[in-house]
Amino acid sequence: MSSDPPPRRLRRGGIAAALAAAVAVALTAGLVTSRASAAPELPPVTAEELVASVIEAEPVAGAATVSVDNGLGLPGAGSEFLTDGSSTARVWSDGEGRGRLALPRPDGERTYVRDGATTWVYDSADRSAVRLPERPARTERPGAAGTDPQAAAREIVTALGERSTVAVDGTTEVAGRPAYTLVLTPLPDERTVLREVRAAVDAHTRTPLELTVLGIGTDPVLRIGVDEVEFGPQDPALFSFTPPPGAAVQDAPGHTPAPKPRDGAAPTVVGDGWDAVVVQDAAGTLPDDVRAQLDGIGAPVSGPWGTGREIATNAGSAIVTDDGRFAAGAVGADVLGAALAR
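Those letters in the sequence shown? Residues -38 to -1, 1 to 304, by mature numbering (1 follows the signal peptide of the UniProt record, and there is no 0).
Simulated from the structure, these hints should not be mistaken for laboratory data. On a predicted model such as this, the values are computed, not experimentally measured, just so you know. Every residue gets a Cβ at the ideal spot worked out from N, C-alpha and C, and that includes glycine. Possibly wrong hints are sitting among the right ones.
[Claimed, not checked] Here are the simulated distance ranges between beta carbons:
(1) L4 with T180: 45 to 53 Å
(2) E96 with G194: 24 to 32 Å
(3) P198 with P95: 14 to 22 Å
(4) V231 with E71: 32 to 40 Å
Using the sequences and the hints, build the whole thing.
Quick look at the structure:
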């Protein structure tokens, strides 16, 4: 493959959206760590062409075995995908917004089924099922939410592009499929604890097959990718669910709009790109049990902004102040403190 032109900068945004999109795709769209093979020969493509083709690609029906290698270092107990270590799942999509996710567990399996009108969550261990109504339709095209890898790629590029160099770093093979490697690297003046985001993009469907987030150390902070994948129509029965006889069924409350925050309580973003910090006044909104948890896992910290608790991970930090403010980003405590002091 011929060498790529010099890296180009793209659009603006913040790291929080990028990481949220990556995790959403890991849970519902089938990205994750896979073991790459020798680099295949593919037609040359520039970074801008590759990004544009990912954004313009239509959602693809298919099934995949998904694995997640998590080195985020989140304190306390997390979900299946947020606990440090490796996790696997099986996912199916019809390419039109319906999907199925199966998570193996030591005592059984948890299954999520989205049929377009309802989402079911079934736990085989205690034979319980929860029925959730769909949220009101948004103005985006069908599949543009977290279940669409193209939407996630769009979020990543929009969030980090202007404050990154973006380049194509050769080719790879993921789950037996040839792919281009797209790399986003923060500009030198970005005060982030992350150093690179790499995505393997399927050469034919333009679906992201693998995403790796690298921090200061040598090991990935998060690696998400497919081990096995098969594109094509799926059995419609996969996207419907009927609780088995004897299952306990619970209806979750319908979606209600979030209450309007009081003056000064709406979240704000300080900075942009990789070192953007989300700041919010959460005074009076944190339940006592959550506050107690934070006291147990956070380290005392103080500065011109006041006193509080810092929760540090390999991908960033958060500070909850004693007076109820909250700041988080893919940055260190010094950057969070500066944002709180503004």
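Hints versus structure:
no. : hint                      : result
1   : L4 with T180: 45 to 53 Å  : 28 Å, violated
2   : E96 with G194: 24 to 32 Å : 26 Å, holds
3   : P198 with P95: 14 to 22 Å : 21 Å, holds
4   : V231 with E71: 32 to 40 Å : 39 Å, holds
When the structure is compared with the earlier hints, a violation turns up for hint 1 alone.
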